[in-house]
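Trainee: Please arrange chain B on chain A, whose structure you already have, making use of the hints.
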Amino acid sequence: AQSVTQLDSQVPVFEEAPVELRCNYSSSVSVYLFWYVQYPNQGLQLLLKYLSGSTLVKGINGFEAEFNKSQTSFHLRKPSVHISDTAEYFCAVRAYLGGGSNYKLTFGKGTLLTVNP
Amino acid sequence: ETGVTQTPRHLVMGMTNKKSLKCEQHLGHNAMYWYKQSAKKPLELMFVYSLEERVENNSVPSRFSPECPNSSHLFLHLHTLQPEDSALYLCASSRQGSSYNSPLHFGNGTRLTVT
Numbered sequence: 001a002q003s004v005t006q007l008d009s010q011v012p013v014f015e016e017a018p019v020e021l022r023c024n025y026s027s028s029v030s031v032y033l034f035w036y037v038q039y040p041n042q043g044l045q046l047l048l049k050y051l052s053g054s055t056l057v058k059g060i061n062g063f064e065a066e067f068n069k070s071q072t073s074f075h076l077r078k079p080s081v082h083i084s085d086t087a088e089y090f091c092a093v094r095a096y097l098g099g100g101s102n103y104k105l106t107f108g109k110g111t112l113l114t115v116n117p
Numbered sequence: 118e119t120g121v122t123q124t125p126r127h128l129v130m131g132m133t134n135k136k137s138l139k140c141e142q143h144l145g146h147n148a149m150y151w152y153k154q155s156a157k158k159p160l161e162l163m164f165v166y167s168l169e170e171r172v173e174n175n176s177v178p179s180r181f182s183p184e185c186p187n188s189s190h191l192f193l194h195l196h197t198l199q200p201e202d203s204a205l206y207l208c209a210s211s212r213q214g215s216s217y218n219s220p221l222h223f224g225n226g227t228r229l230t231v232t
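In the order they appear, the protein sequences are chains A and B. So in this note's numbering, spot 92 of the first sequence is number 92, and the numbers just go up one at a time. All you need for this note's numbering is the position in the second sequence, starting with 1, plus 117.
Same shape as in the complex, but just chain A (with noise of 0.2 Å):
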């Protein structure tokens, strides 16, 4: 079984500054990685996946992540974020396994990421 571990639940920072939200998870298999956003009142929203070849990935919105196998982490990173980037962002991981359970995905608890003027 997978586990994904978000380290922080809230990450407050100024708007323009840079931010990095950590993702660790752990899986005896190989797996493809996630993040998704979720703006108040919506649903979540793809922001990056890491499949497979470069493991510095770039998504939506001026986010990027970095997939470290040796330290099982896939952290987000913007280097300046807005007001408009303030929402709730999930680390998801989907581990590669035989049979019918191949769609399971596993989401992390989630870090608020409150931007301040």
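Don't take every hint at face value.
Some chain B residues well away from chain A (every beta-carbon gap over 12 Å; in silico) [unchecked claim]:
hint	residue
1	LEU128
2	LYS135
3	SER137
4	LYS158
5	VAL177
6	PRO178
7	HIS190
8	HIS196
9	THR197
10	GLU201
11	THR230
12	VAL231
13	THR232
Here are some, though not all, of the chain A residues that point toward chain B, as calculated from beta-carbon distances under 10 Å [what the hints assert, rightly or not]:
hint	residue
14	VAL4
15	GLN38
16	PHE107
17	VAL115
Please keep in mind that the hints were generated in silico from the structure rather than gathered at the bench. Quick caveat: nothing in here was measured; it's all calculated off a predicted structure. Beta carbons: idealized from backbone N, C-alpha and C, even for Gly.
Mentor: Here is chain B on its own, set in the frame of chain A:
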């Protein structure tokens, strides 16, 4: 517009009521999901339908009953709920096949309050 539409957006019901949540997707996906999102807890997968067959039922109480009449529609029938069932219920869809890296597309959710 996310491509996945959920109705109603808000629902208040008593513990003896019967109601249904509806989800519709226009993305041509062949798998649909119900998730429960409660405060301070990770998203909980409730049900998965792939090609209109239920393939996952994560020990969900029988007061929640899913229905998937076709690949575009998913329902969650609710009856005799408890106050702890109050949460945001999210529907999602994806394309299932030989490549299991297809991301989920979520609806905006139904905020359910059980009084």
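Trainee: If a hint holds in the structure, say so; if it doesn't, say that too.
Mentor: Consistency of the hints with the structure:
The beta carbon of B:LEU128 sits about 14 Å from the closest Cβ of chain A, which is more than 12 Å, so the claim that it is off the interface holds. Consistency note on B:LYS135: stated as away from chain A, and its beta-carbon is indeed over 12 Å from all of that chain's, at 25 Å minimum. For B:SER137, the requirement that its beta carbon stay farther than 12 Å from each beta carbon of chain A is met, with the minimum near 19 Å. For B:LYS158, the shortest C-beta to C-beta distance to chain A comes to about 7 Å, within the 12 Å cut-off, and the non-interface label is violated.
At roughly 15 Å from the closest C-beta of chain A, the C-beta of B:VAL177 stays outside 12 Å, upholding its exclusion from the interface. The beta carbon of B:PRO178 sits about 20 Å from the closest Cβ of chain A, which is more than 12 Å, so the claim that it is off the interface holds. Remark: the non-interface label on B:HIS190 is consistent with the geometry, its nearest Cβ contact in chain A lying 17 Å away (cut-off 12 Å). No Cβ of chain A approaches the Cβ of B:HIS196 within 12 Å, the least distance being about 25 Å, so the stated non-interface status holds.
Against the 12 Å criterion, B:THR197 stays outside the reach of chain A, whose nearest CB is about 27 Å from its own CB. Under the 12 Å C-beta cut-off, the non-interface status given to B:GLU201 relative to chain A holds; the minimum distance is some 18 Å. Even its closest Cβ contact with chain A, about 14 Å, leaves B:THR230 beyond 12 Å, as expected for a residue assigned away from the interface. The Cβ of B:VAL231 sits about 19 Å from the closest Cβ of chain A, beyond the 12 Å cut-off, so the non-interface label holds.
The Cβ of B:THR232 lies farther than 12 Å from every Cβ of chain A, with a closest approach of about 21 Å, so its non-interface assignment holds. A least Cβ separation of about 8 Å between A:VAL4 and chain B falls short of the 10 Å threshold, and the interface hint therefore holds. Taking 10 Å as the C-beta cut-off, the interface hint given for A:GLN38 holds, the closest approach to chain B being about 8 Å. Annotation: interface hint on A:PHE107 holds; nearest CB of chain B at approximately 4 Å, less than 10 Å.
For A:VAL115, the shortest C-beta to C-beta distance to chain B is roughly 21 Å, which exceeds 10 Å, and the interface hint is violated.
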